[in-house]
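Participant: Each chain is listed here by its residues.
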Amino acid sequence: MTTNSSDTPQARLQALGLSLPVPASPVANYVPWTRAGNLVFVSGQLPIGPGGAIEPAHKGKLGASVSVEVGQAAARAAALNVLAQAAAASGDLARLRAIRLGGFINSAPDFASLPQVLNGASDLVAAVLGEAGRHARFAVGVAQLPLDAAVEVEGVFEILD
Amino acid sequence: MTTNSSDTPQARLQALGLSLPVPASPVANYVPWTRAGNLVFVSGQLPIGPGGAIEPAHKGKLGASVSVEVGQAAARAAALNVLAQAAAASGDLARLRAIRLGGFINSAPDFASLPQVLNGASDLVAAVLGEAGRHARFAVGVAQLPLDAAVEVEGVFEILD
Amino acid sequence: MTTNSSDTPQARLQALGLSLPVPASPVANYVPWTRAGNLVFVSGQLPIGPGGAIEPAHKGKLGASVSVEVGQAAARAAALNVLAQAAAASGDLARLRAIRLGGFINSAPDFASLPQVLNGASDLVAAVLGEAGRHARFAVGVAQLPLDAAVEVEGVFEILD
Numbered sequence: 245m246t247t248n249s250s251d252t253p254q255a256r257l258q259a260l261g262l263s264l265p266v267p268a269s270p271v272a273n274y275v276p277w278t279r280a281g282n283l284v285f286v287s288g289q290l291p292i293g294p295g296g297a298i299e300p301a302h303k304g305k306l307g308a309s310v311s312v313e314v315g316q317a318a319a320r321a322a323a324l325n326v327l328a329q330a331a332a333a334s335g336d337l338a339r340l341r342a343i344r345l346g347g348f349i350n351s352a353p354d355f356a357s358l359p360q361v362l363n364g365a366s367d368l369v370a371a372v373l374g375e376a377g378r379h380a381r382f383a384v385g386v387a388q389l390p391l392d393a394a395v396e397v398e399g400v401f402e403i404l405d
Numbered sequence: 245m246t247t248n249s250s251d252t253p254q255a256r257l258q259a260l261g262l263s264l265p266v267p268a269s270p271v272a273n274y275v276p277w278t279r280a281g282n283l284v285f286v287s288g289q290l291p292i293g294p295g296g297a298i299e300p301a302h303k304g305k306l307g308a309s310v311s312v313e314v315g316q317a318a319a320r321a322a323a324l325n326v327l328a329q330a331a332a333a334s335g336d337l338a339r340l341r342a343i344r345l346g347g348f349i350n351s352a353p354d355f356a357s358l359p360q361v362l363n364g365a366s367d368l369v370a371a372v373l374g375e376a377g378r379h380a381r382f383a384v385g386v387a388q389l390p391l392d393a394a395v396e397v398e399g400v401f402e403i404l405d
Numbered sequence: 245m246t247t248n249s250s251d252t253p254q255a256r257l258q259a260l261g262l263s264l265p266v267p268a269s270p271v272a273n274y275v276p277w278t279r280a281g282n283l284v285f286v287s288g289q290l291p292i293g294p295g296g297a298i299e300p301a302h303k304g305k306l307g308a309s310v311s312v313e314v315g316q317a318a319a320r321a322a323a324l325n326v327l328a329q330a331a332a333a334s335g336d337l338a339r340l341r342a343i344r345l346g347g348f349i350n351s352a353p354d355f356a357s358l359p360q361v362l363n364g365a366s367d368l369v370a371a372v373l374g375e376a377g378r379h380a381r382f383a384v385g386v387a388q389l390p391l392d393a394a395v396e397v398e399g400v401f402e403i404l405d
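Sequence lines, in order, name chains D, Z and X. Sequential numbering of the first sequence, starting at 245, is according to this note's numbering. Sequential numbering of the second sequence, starting at 245, is according to this note's numbering. Sequential numbering of the third sequence, starting at 245, is according to this note's numbering.
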């Protein structure tokens with residue numbers, strides 16, 4: 245496989261019209277990520293947008309006020325924050341391999357299309373990291389999330405030497 | 245401890261009248277397992293049966309339409325899929341050690357017998373892997389799961405050299 | 245950084261008027277913790293008190309019968325059990341680094357103050373472990389927990405050489 249300057253995670257991110265947000269600062273007595281050996285554990289990230297808040301549309305429950313399409317956008321926004329934290333840990337998107345994403349979706353008791361919603365996160369990670377973005381995951385519907393966010397995504401990454 | 249040919253995970257599986265299913269193929273932009281060093285992270289597995297679908301009885305909520313006994317059977321079916329994925333990662337059941345199972349149970353808001361349900365998964369993993377099957381775990385009741393499955397189980401395993 | 249005999253996790257624990265509970269014994273086919281390399285995975289812990297049971301006040305749902313303040317106390321009680329298990333794994337609190345806490349909160353569908361509740365756990369871990377207590381985490385609201393507990397906390401720790 246050849247690599248050129250346009251075939252990097254950073255270039256793919258730009259081609260998507262995206263840039264990594266400034267990673268959120270530590271809050272209280274926990275931190276956005278920790279590293280143990282080559283593994284990075286990223287705290288649960290919400291779909292906080294560039295303005296530093298969750299768009300009202302990205303709050304609420306799937307199966308109630310939030311559609312699958314909007315839920316996918318919320319999952320994508322949360323995953324962008326996960327990537328920003330993991331990049332802060334590794335120093336460089338190009339040194340990251342995605343290992344496992346955990347997807348928690350704010351769901352009405354009868355909303356079962358959880359995989360479709362979390363694809364918003366998985367597709368972004370794969371689009372940005374390429375082969376290194378193929379991850380294990382779980383998708384579950386929960387009773388509620390912080391700030392009434394529609395989606396929360398946490399992740400485990402490997403830092404490549 | 246002596247080992248003979250009948251004292252292997254494969255032999256124990258056969259003695260239970262079980263065989264590992266063909267591990268499900270990658271779906272979309274995520275994969276059924278990833279490996280980082282000696283750790284394997286298995287994606288959330290549903291109680292998909294040999295026919296490739298979830299039995300109708302293994303759908304629905306504990307505390308509503310699904311009994312504890314049926315929930316245990318669903319947890320066991322999900323755990324069999326977890327083992328199949330972990331075995332695909334290691335190449336051999338005998339090289340696996342179970343580290344942590346995460347059990348998500350589709351629950352009515354008042355159903356608290358979650359450990360009993362997840363024992364269906366823990367008992368299978370212990371029966372198949374023996375001493376190497378003693379794992380940490382969590383059991384929580386969630387609002388909904390993909391395809392309205394009664395149980396979803398994810399796992400972390402160690403590959404033994 | 246200087247260290248003296250009063251600047252240890254054990255001393256901080258005593259200064260808080262706390263002692264580690266005797267770690268609960270293995271139940272059924274799972275165990276309270278496992279170790280893989282230098283990582284320790286602690287099973288989901290409930291706010292079981294010194295008497296071996298969950299106080300009635302630490303049962304029930306946030307957003308319904310349980311207040312944020314009582315939920316914080318429940319989270320702290322669960323986190324004390326997490327520390328006890330991790331200390332059993334490492335042999336010594338002083339050899340532990342907290343990596344990731346997973347916080348599951350028994351929540352009514354409209355209770356979104358989940359981070360405030362889980363701070364009861366995060367604050368304790370940081371108070372006891374100091375710098376080594378700064379962890380990643382996720383906080384989600386679930387439909388139900390074992391024994392109707394208000395909070396369940398699981399964790400990943402690193403054992404320092």
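Warning: the hint list may mix true and false statements.
One copy or two, either will do: identical chains are not told apart, so a pair holds if it fits within one copy or between any two.
As the list claims (entries may be wrong) - No farther apart than 20 Å at their CA atoms in a straight line, the calculated lysine to any residue pairs in the SDA-like style are these: (1) 303 / 275; (2) 303 / 375; (3) 303 / 260; (4) 303 / 392; (5) 303 / 334; (6) 303 / 378; (7) 303 / 256; (8) 303 / 405; (9) 303 / 258; (10) 303 / 281; (11) 303 / 403; (12) 303 / 280; (13) 303 / 391; (14) 303 / 273; (15) 303 / 404; (16) 303 / 371; (17) 303 / 255; (18) 303 / 356; (19) 303 / 338; (20) 303 / 336; (21) 303 / 259; (22) 303 / 263; (23) 303 / 252; (24) 303 / 251.
Hint data in this document are derived by calculation from the structure and do not stem from the laboratory.
Participant: Any of the earlier hints contradicted here, and which numbers?
Facilitator: Of the numbered hints, 1, 2, 3, 5, 6, 7, 8, 9, 10, 11, 12, 14, 15, 16, 17, 19, 20, 21, 22, 23 and 24 do not hold.
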